[in-house]
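Visitor: So you can see what is in the structure, the chains are spelled out below.
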Amino acid sequence: KAGVTQTPRYLIKTRGQQVTLSCSPISGHRSVSWYQQTPGQGLQFLFEYFSETQRNKGNFPGRFSGRQFSNSRSEMNVSTLELGDSALYLCASSPRLAESETQYFGPGTRLLVL
Amino acid sequence: KNQVEQSPQSLIILEGKNCTLQCNYTVSPFSNLRWYKQDTGRGPVSLTIMTFSENTKSNGRYTATLDADTKQSSLHITASQLSDSASYICVVSAKNTDKLIFGTGTRLQVFP
Numbered sequence: 001k002a003g004v005t006q007t008p009r010y011l012i013k014t015r016g017q018q019v020t021l022s023c024s025p026i027s028g029h030r031s032v033s034w035y036q037q038t039p040g041q042g043l044q045f046l047f048e049y050f051s052e053t054q055r056n057k058g059n060f061p062g063r064f065s066g067r068q069f070s071n072s073r074s075e076m077n078v079s080t081l082e083l084g085d086s087a088l089y090l091c092a093s094s095p096r097l098a099e100s101e102t103q104y105f106g107p108g109t110r111l112l113v114l
Numbered sequence: 001k002n003q004v005e006q007s008p009q010s011l012i013i014l015e016g017k018n019c020t021l022q023c024n025y026t027v028s029p030f031s032n033l034r035w036y037k038q039d040t041g042r043g044p045v046s047l048t049i050m051t052f053s054e055n056t057k058s059n060g061r062y063t064a065t066l067d068a069d070t071k072q073s074s075l076h077i078t079a080s081q082l083s084d085s086a087s088y089i090c091v092v093s094a095k096n097t098d099k100l101i102f103g104t105g106t107r108l109q110v111f112p
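These protein sequence lines are chains A and B, in that order. For the first sequence, the positions run 1 to 114 when our numbering is used. For the second sequence, the positions run 1 to 112 when our numbering is used.
Honestly, the hints are just simulated from the structure, not real lab data. You can trust all of the hints, since none of them are fake.
To give an idea of the interface, some chain A residues facing chain B are shown, with a C-beta separation under 10 Å as derived from the structure: (1) G3; (2) Q6; (3) G42; (4) Q44; (5) F45; (6) L90.
For clarity, every value in this text was computed on a predicted model and none was experimentally measured. From the three backbone atoms N, C-alpha and C, an ideal C-beta is built for every residue, glycine too.
Take these sequences, add in the hints, and give me the full structure.
Guide: Now the structure itself:
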């Protein structure tokens with residue numbers, strides 16, 4: 001079974017731009033969660049989608065949004081990028097809700113905002 | 001407030017030695033506790049997941065323990081290898097809240 005894939009792997013943007021990141025979960029997994037990881041903060045939860053519905057949301061501004069499609073693939077969008085948005089963005093999938101299942105992480109998208 | 005604290009923040013050991021990483025949590029109600037290994041620049045990989053009724057679980061040279069009464073967990077690495085150099089993250093799930101609470105991790109470096 002193929003693992004979680006994320007595209008693109010690396011991205012460079014400038015302040016004020018917007019970005020869309022993509023995540024394809026493991027086949028059969030219905031939950032996709034997104035995380036931001038920075039050296040000083042560790043893993044910070046963004047949101048979780050299950051069956052195309054946002055189930056949970058972390059403490060991030062409204063510039064961060066996401067969605068999930070009927071095939072469980074998910075996208076995350078960040079608008080009006082700020083320098084502080086530079087981070088590794090990880091997505092993780094699980095068969096059911098993340099709180100009760102082992103999550104499988106993708107390799108991440110490294111975003112650099114200049 | 002639900003929190004997960006890990007110690008030490010970083011650790012350096014020699015190849016072949018054993019080490020133990022600690023995780024204390026205040027999450028309630030408790031559902032399960034996970035340990036992840038994250039190599040630099042890569043996504044975390046699950047090592048173990050333990051529920052309330054489990055007090056020890058092994059995955060090769062990794063052994064996790066859980067004391068639900070004291071709300072403590074440890075990850076013991078036996079006969080360390082250079083490839084064990086990574087960050088180890090403790091994650092606790094709160095029951096019925098759909099929330100995962102992440103620790104900030106322990107950075108382990110194994111030297112030859």
